[in-house]
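Visitor: Sequence:
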Amino acid sequence: MKKNKVIRENLNKDLEYKTKELTTHALHLAKKNEVLNDLKEKAKVFKADTNADPGYQMLIQTINFDLQDDNNWENFRKYFEEVHKDFNANAQKKYPNITPNDLRLMALLKMNLSSKEIANILNISSDGIKKARQPLRKKMGINSNDSLEAIVIAI
1 MKKNKVIREN LNKDLEYKTK ELTTHALHLA KKNEVLNDLK EKAKVFKADT
51 NADPGYQMLI QTINFDLQDD NNWENFRKYF EEVHKDFNAN AQKKYPNITP
101 NDLRLMALLK MNLSSKEIAN ILNISSDGIK KARQPLRKKM GINSNDSLEA
151 IVIAI
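Numbering follows the numbering used here, with no gaps: position 143 of the sequence shown is 143.
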């Protein structure tokens with residue numbers, strides 16, 4: 001009995017650690033994308049204000065490539081699945097019409113991140129997040145009075 005309690009406590013500590021690690025990773029990804037977008041905008045302004053060489057276009061392309069890097073999402077997905085093991089399978093089973101992009105949004109909603117943080121992670125505008133929520137609500141059969149976040153968190 002005591003051994004089971006120790007095992008359960010260790011599992012809870014491990015889950016708590018992984019949850020913190022996942023949140024840290026998500027917030028780091030959001031901040032990185034925010035900084036890269038800010039840097040890209042500053043490079044565009046600098047290029048417009050001066051007779052900058054073509055190296056600026058290469059800089060902007062490099063930033064865009066890093067913003068689109070699927071490895072960032074794959075790393076996040078691995079952490080997420082360690083903490084929320086059956087989330088993707090349960091979501092797809094319950095809502096078979098959802099797309100991989102819907103699953104991304106749902107994973108970030110499950111973490112209870114703000115729209116701004118989600119927008120930074122997915123590299124889209126806050127309006128883009130609002131627009132992405134509507135078709136997701138429709139696919140899930142959720143009306144506007146119900147909380148999308150609460151339903152996703154419950155999965």
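Hints listed in this document are in silico derivations from the structure and should not be mistaken for laboratory results. Idealized CB from N, CA, C, for every residue including glycine. The reader is advised that the hints may include incorrect statements.
Said to hold, decoys possible - DSS-like cross-link-like pairs, simulated, lysine-lysine; straight-line CA separation at most 27 Å: (1) Lys-93 - Lys-78; (2) Lys-32 - Lys-78; (3) Lys-32 - Lys-20; (4) Lys-44 - Lys-94; (5) Lys-93 - Lys-32; (6) Lys-44 - Lys-116.
Unchecked claim - Cβ-Cβ distance ranges computed for the label pairs, FRET-style: (7) Lys-130 - Glu-34: 17 to 23 Å; (8) Val-6 - Asn-143: 24 to 30 Å; (9) Met-1 - Glu-74: 23 to 29 Å; (10) Thr-62 - Gln-92: 20 to 26 Å; (11) Thr-24 - Lys-139: 26 to 32 Å; (12) Arg-77 - Arg-8: 34 to 40 Å; (13) Ser-114 - Arg-77: 16 to 22 Å.
Visitor: Hints first: check each against the structure and report whether it holds.
Guide: Hints, verified against the model:
1. Lys-93 - Lys-78: Within the cut-off at roughly 20 Å; holds.
2. Lys-32 - Lys-78: Holds. Lys-32 to Lys-78 sits at ~19 Å (cutoff 27 Å).
3. Lys-32 - Lys-20: holds (18 Å)
4. Lys-44 - Lys-94: Answer violated: Lys-44 to Lys-94 is near 45 Å, above 27 Å.
5. Lys-93 - Lys-32: With a Cα-Cα distance of about 33 Å, the restraint between Lys-93 and Lys-32 is violated, given a limit of 27 Å.
6. Lys-44 - Lys-116: Given that 27 Å is the threshold and the Cα spacing comes to 23 Å, the pair holds.
7. Lys-130 - Glu-34: 17 to 23 Å: holds (18 Å)
8. Val-6 - Asn-143: 24 to 30 Å: Between Val-6 and Asn-143, where Cβ atoms are some 46 Å apart, the hint is violated.
9. Met-1 - Glu-74: 23 to 29 Å: Given a distance of about 41 Å, which is not inside 23 to 29 Å, the answer is violated.
10. Thr-62 - Gln-92: 20 to 26 Å: violated (35 Å)
11. Thr-24 - Lys-139: 26 to 32 Å: With a Cβ separation near 30 Å, Thr-24 and Lys-139 satisfy 26 to 32 Å, so the hint holds.
12. Arg-77 - Arg-8: 34 to 40 Å: violated (27 Å)
13. Ser-114 - Arg-77: 16 to 22 Å: holds (20 Å)
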